[in-house]
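Chains A and B, in that order, are what the protein sequence lines are.
Residue 1 is where the first sequence starts when you use this note's numbering, and the numbers rise one by one after that.
Residue 1 is where the second sequence starts when you use this note's numbering, and the numbers rise one by one after that.
Since the hints were derived computationally from the structure, they do not count as laboratory data.
Treat the numbers as computed from the prediction; the structure is a model and nothing was measured.
Every residue gets a Cβ at the ideal spot worked out from N, C-alpha and C, and that includes glycine.
Mixed in with the good hints, there may be bad ones.
Unchecked claim - Residues on chain A that point at chain B, a partial pick, calculated with CB under 10 Å:
id : residue
1  : K14
2  : F15
3  : L21
4  : N22
5  : E25
6  : S26
7  : D84
8  : E86
9  : S224
10 : E229
11 : R240
12 : S243
13 : A244
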Amino acid sequence: MKTKGYLVVASRSKFFYHSALNLIESIKDFYPEAKCCLVTEEHFLDDRGRSVADDIIHCDDHKRAKLWGMAQSPYDLTFYIDADTECEHEDIETIFDKFDGHDMMFTGLPPERHYCYAEVYFPGATKPDGTKAGFDLCGGVCLYDMTNPLVKEFMEDWFDLTVEQYAGRWWPKKEDGTEDLENYPASFKRWDQFSLWWLVNREPKYADLKVGVLDDDARWNYYSRYKGELKHNKDPIVIRHYSAAGAKSGVYR
Amino acid sequence: MSYEIQDNAYWEDGIDDRSVLKCIRMHKLPDGGRRKEVVNFSKFRQDKTPCPQYREVVEKLGIEKIDQNTTERRKRKETERKTAQVKREQQQRTQVLERLFQMKLHAFEIPEIANSENKQLRTKLRRAQNEVEMNAYASLIIGKELGVFDNED
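Turn these sequences into a full structure, and let the hints steer you where they fit.
And the structure:
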């Protein structure tokens with residue numbers, strides 16, 4: 001029997017810490033038996049944090065501690081959720097039934113939702129038939145099976161590659177050894193979605209990894225900026241993502 | 001004459017009246033460049049004589065074309081107005097949601113609320129749909145924690 005649990009990472013900002021606790025409590029509002037792991041910096045922890053989280057892992061303040069935390073999950077089947085979110089529906093309990101034969105599941109970035117994202121397309125992602133392409137996975141939530149060693153390795157590689165990318169030590173190269181900025185523009189260096197895209201699409205080691213998009217994915221990571229009238233979700237929203245910068249500013253910085 | 005009248009002129013004050021038109025004239029400059037001039041012409045000048053520039057545009061494009069431009073422009077503007085309104089309303093809804101979320105996080109930082117073991121009220125506070133509801137539940141939790149309701153009859 002595989003263990004199941006939710007993983008939330010809160011680092012760098014008090015906003016994310018308080019938001020993470022709120023998220024965990026909101027999950028337990030609908031699914032009291034849920035196991036939740038909080039990955040956070042030790043100095044943030046308080047009594048509330050210790051009481052709401054079933055498992056606590058300390059992390060450092062790296063910008064992408066999230067990716068490090070994902071690789072540390074104590075649960076076989078893990079549903080990672082960004083801290084600046086809230087659970088709104090009892091279906092949160094059913095997420096572990098959604099693998100549908102995959103090793104990892106994300107939410108997608110279909111064209112009808114591109115208005116919400118800063119950058120999507122880049123020349124290096126162009127399909128063999130010439131179709132324009134770019135990011136197609138969103139890392140706001142991720143369902144993954146840690147019993148597959150390749151998945152754990154993927155998570156570790158995602159963090160390592162992102163650290164190198166952010167530090168300016170890694171970027172796709174041209175044949176002459178210089179950075180390939182024509183196919184992979186420099187503006188994409190700030191996205192961990194790029195390292196995710198690279199590992200999924202260009203890293204031979206992970207060619208056999210089954211990576212998919214959740215069915216009715218918008219309900220599992222519904223951005224507050226989504227236009228309601230476009231009806232991106234079919235069934236009720238399970239996870240609402242409060243991603244606007246405004247909510248992260250003020251006293252929390 | 002060293003300008004060219006663009007073919008997108010329209011009736012400024014409505015297709016039924018046709019008394020004022022708006023057009024763009026592209027002037028050719030001596031250095032080879034071009035200057036854009038947006039102008040309004042009334043059918044009659046202040047001295048009640050016909051305006052030659054108005055007549056020039058009408059003769060060049062024809063009333064039918066200017067009518068068509070006016071209709072298309074009105075439709076486009078109406079669509080743009082509706083789109084902008086929907087966008088504005090959506091932005092406002094998002095801001096309200098984000099603000100409510102942030103206020104709830106603040107509420108849960110208040111020691112009486114953070115340490116309250118009244119799960120029912122904490123859940124009600126978290127699911128509050130607006131600031132009034134949120135404040136009401138926050139007050140209830142704080143009141144209970146401080147024993148405000150203990151001496152009620």
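>> Is the interface hint satisfied for E86(A)? The criterion is a beta-carbon contact with chain B at less than 10 Å.
In response: holds, 7 Å
> Can we keep the A244(A) interface hint, with Cβ of chain B closer than 10 Å?
Replying inline: Cβ of A244(A) sits 5 Å from chain B, so the hint holds.
>> Given a cut of 10 Å on the nearest C-beta pair, is the interface hint for F15(A) held or broken against chain B?
In response: Because about 7 Å separates F15(A) from the closest Cβ in chain B, which is inside the 10 Å limit, the hint holds.
> Should the interface hint for L21(A) be scored as holding, given a Cβ-Cβ cut-off of 10 Å against chain B?
Replying inline: Holds - the Cβ of L21(A) comes within 10 Å of chain B, reaching about 7 Å at its closest.
> Going by Cβ atoms only, is E229(A) closer than 10 Å to chain B?
Replying inline: Check passed: Cβ of E229(A) comes within 7 Å of chain B, closer than 10 Å.
>> Please check whether K14(A) passes as an interface residue: C-beta within 10 Å of a C-beta belonging to chain B.
In response: Holds. Min distance 9 Å.
>> Next item in the hint list is S243(A). Is there a CB on chain B closer than 10 Å to its CB?
In response: holds, 9 Å
>> R240(A) was flagged as interface toward chain B. Is the shortest Cβ-Cβ separation under 10 Å?
In response: holds, 8 Å
> Quick one, is the D84(A) hint okay against chain B at 10 Å, beta carbons?
Replying inline: holds, 8 Å
>> Given E25(A) as an interface hint, is its Cβ closer than 10 Å to any Cβ of chain B?
In response: Given a least distance of 7 Å, the restraint on E25(A) holds.
>> Holds or violated: the hint that S26(A) contacts chain B, with Cβ atoms closer than 10 Å.
In response: Hint on S26(A): holds, closest Cβ of chain B at ~6 Å, below 10 Å.
> Taking the closest Cβ pair, is N22(A) under 10 Å from chain B?
Replying inline: holds, 6 Å
When held up to the earlier numbered hints, the structure conflicts with none and fits them all.
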